[in-house]
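Enquirer: Single-letter residue listing:
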Amino acid sequence: GQQLNQSPQSMFIQEGEDVSMNCTSSSIFNTWLWYKQEPGEGPVLLIALYKAGELTSNGRLTAQFGITRKDSFLNISASIPSDVGIYFCAGGGKLIFGQGTELSVKP
Amino acid sequence: DAGVTQSPTHLIKTRGQHVTLRCSPISGHKSVSWYQQVLGQGPQFIFQYYEKEERGRGNFPDRFSARQFPNYSSELNVNALLLGDSALYLCASSPVLRGTYEQYFGPGTRLTVT
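Chains as they are written, first to last, in the working numbering: chain A, 1 to 107; chain B, 1 to 114.
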């Protein structure tokens with residue numbers, strides 16, 4: 001079945017640093033979504049991508065839909081403590097999720 | 001506007017019992033999906049409903065069932081609970097079945113099976 005491989009699994013960075021995480025699939029996806037989940041809450045949609053090559057920003061977040069339609073990346077610029085959480089990539093209509101990237105930000 | 005709501009927030013059951021979880025979608029959203037999230041993993045797709053009909057099912061046993069009501073709210077039922085059913089159960093709603101796959105999640109129901 002389809003699987004999403006997300007990396008890195010965890011990141012521990014200093015406030016103000018930029019962050020990059022990516023997601024690869026064994027199959028082609030027509031949609032890539034990026035979510036953030038904080039403890040005790042459901043995932044919150046950050047960015048949705050619908051076209052290969054598409055580059056979309058949401059504030060300090062930027063995500064790209066890979067040309068091959070088998071990958072996507074998410075960048076966070078100038079990280080702040082409230083960026084802490086688990087970031088998930090997801091693809092497809094009946095969403096398939098990656099394993100998540102846990103982000104820790106040191107003030 | 002209210003987001004996706006789920007009830008109850010937490011639930012403790014014993015093995016062999018059954019459980020019913022409830023979800024109300026965002027107003028105007030007609031599609032509801034259910035996901036299971038085990039600690040330390042990403043959510044796993046269980047069901048998708050649109051206009052009261054099942055439109056997709058993940059790799060879960062028949063002990064799991066769901067339905068959608070005329071007001072688009074939904075219930076997830078799990079029978080003969082196992083310890084491995086302990087998880088966060090998430091409901092997500094989206095406005096249409098095709099054209100957009102933006103799903104908006106509720107806070108989840110934390111199920112503990114003892």
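To be clear, the hints were calculated from the coordinates, so they are not data collected in a lab. A hint or two may mislead.
[To be verified] Here are the computed lysine-lysine pairs in the DSS-like style, where the Cα-Cα straight-line distance is at most 25 Å:
1) A/K94 to B/K13
2) A/K70 to A/K94
3) B/K52 to B/K30
4) B/K52 to A/K94
5) A/K70 to A/K51
6) A/K51 to A/K94
[What the hints assert, rightly or not] Per the computed footprint, the stretches of chain A lying under chain B, defined by three or more beta-carbons under 8 Å from a beta-carbon of chain B, are:
7) 68-77
8) 95-101
Every residue gets a Cβ at the ideal spot worked out from N, C-alpha and C, and that includes glycine.
Enquirer: Taking the hints in turn, state whether each one holds.
Expert: Hints, one by one, checked against the model:
1. A/K94 to B/K13: Roughly 28 Å separates the two Cα atoms, so the pair is violated.
2. A/K70 to A/K94: Holds - the C-alpha atoms of A/K94 and A/K70 are around 16 Å apart, at most 25 Å.
3. B/K52 to B/K30: 9 Å, holds
4. B/K52 to A/K94: Roughly 17 Å separates the two Cα atoms, so the pair holds.
5. A/K70 to A/K51: 12 Å, holds
6. A/K51 to A/K94: 18 Å, holds
7. 68-77: n = 0 at 8 Å, threshold three: violated.
8. 95-101: With 6 residues closer than 8 Å to chain B, the stretch 95-101 of chain A meets the three-residue bar; holds.
Checked against the numbered hints listed earlier, the structure breaks hints 1, 7; every other hint is satisfied.
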